Amino acid sequence: MKTSTTQPANTQALYQQLTQTITTIVPCYKIYLIGISGAQCYAYNPFVLVDGYLHDEPVYHLAVVIKQNTKQALNEVQDAIENRCKKLADVNALVLTQEAYHAQQQNAHPFATTLNEKAELLYNDDDDRPCITMAEHAIDAPGPTYADRQILVTGFIQGALFYQQRQSCQMAAFLLHQAAEQLYIGLYQQVTGYQLHTHNLDKLRRYTRCLSPLLHTIFPVNTTAEAHLFTLLQRAYVDGRYNPRFAVTPAELGTLLTRLLLLQQLVNSICSKLPQPAAMAVAC
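Residues in the sequence shown are numbered from 1 upward in steps of one, following the numbering used here.
Because the hints were derived from the structure by calculation, they are not lab data.
Owing to the predicted nature of the structure, the values given are computational and were not obtained by experimental measurement.
Backbone N, C-alpha and C fix where the C-beta goes; we use that ideal spot for every residue, glycine too.
Check the hints yourself; a few may be wrong.
[What the hints assert, rightly or not] Listed next, with one range per pair, are the computed distances between beta-carbon atoms:
| no. | residue 1 | residue 2 | range |
| --- | --- | --- | --- |
| 1 | Thr145 | Gln165 | 27 to 35 Å |
| 2 | Ala147 | Asp79 | 26 to 34 Å |
| 3 | Asp126 | Gln165 | 55 to 63 Å |
| 4 | Gly155 | Asp202 | 20 to 28 Å |
| 5 | His228 | Ala89 | 21 to 29 Å |
| 6 | Pro275 | Gln106 | 23 to 31 Å |
Whole structure, please, built from the sequences with the hints as guidance.
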């Protein structure tokens with residue numbers, strides 16, 4: 001386990017400001033730095049063990065272990081942390097309870113193991129006070145395996161092709177959303193052992209960007225056209241099924257399909273090179 005005292009003074013100051021901000025939002029047990037990424041590559045990530053030159057403004061990926069029931073869902077705590085930290089830095093926060101974290105430790109879960117052994121510890125309030133966690137966020141049963149998710153992805157893409165042939169672009173876009181969701185979640189779980197719980201593609205895209213510099217190139221969202229394309233994919237989760245005025249052109253659908261096939265190829269390539277997939281352990 002590393003500590004932030006090994007970092008330059010200005011970096012230590014930023015980490016202190018971030019942890020002070022986060023701990024005013026929710027009582028925290030530990031806060032880890034689990035990655036730093038830029039627009040084109042990552043500079044630090046204990047899960048992939050590769051350091052690189054950081055381009056543009058850095059994004060800090062944190063694991064925040066909280067202590068007690070805040071009467072908020074974990075995703076609400078996550079949003080509050082990310083929004084409040086924006087004035088200091090761009091932050092992506094994974095939030096888990098102290099109870100879940102200890103359960104992972106006891107089961108030698110790869111996510112908690114990597115945090116303890118390799119991630120940088122920014123904040124530590126390790127005491128004996130009992131933690132109260134939210135019932136709806138108790139320890140999860142094991143989720144689908146990576147192989148299970150790849151079967152789902154293939155089925156969703158085949159379904160999108162079926163609806164594309166029948167010119168039902170809205171339903172095809174929804175199925176491509178589902179394929180992207182499974183690819184992002186499966187990749188993160190396979191690399192880190194942590195199972196993300198969200199349908200929000202923007203969050204999934206942001207959280208996985210620290211795992212490979214190439215992931216950011218599939219949906220770069222760096223122009224109006226690219227932002228529109230990714231927004232269509234995000235909206236398809238609800239509007240593709242329930243909004244008759246949701247418009248996706250055949251050309252846009254064709255581009256989305258091409259991007260999903262590229263994403264599938266990239267995710268499979270990354271996971272095939274892992275020495276020992278983390279997702280073999282119990283999902284968190």
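A range of 21 to 29 Å was offered for this pair. Does it hold for the Cβ distance of histidine 228 and alanine 89? With Cβ atoms ~27 Å apart, the hint holds.
20 to 28 Å as the expected CB spacing between aspartate 202 and glycine 155, which holds or is violated: Holds: the Cβ-Cβ distance is about 24 Å, inside 20 to 28 Å.
Evaluate the given range 27 to 35 Å for the C-beta pair formed by threonine 145 and glutamine 165. Between threonine 145 and glutamine 165, where Cβ atoms are some 31 Å apart, the hint holds.
Lying within 55 to 63 Å: is that true of the beta-carbon distance aspartate 126 to glutamine 165? Check passed, 58 Å falls within 55 to 63 Å.
Distance restraint evaluation - alanine 147, aspartate 79, Cβ atoms, bounds 26 to 34 Å: holds, 32 Å
Given the hint of 23 to 31 Å, check if proline 275 and glutamine 106 actually sit that far apart at their C-beta atoms. holds, 24 Å
When held up to the earlier numbered hints, the structure conflicts with none and fits them all.
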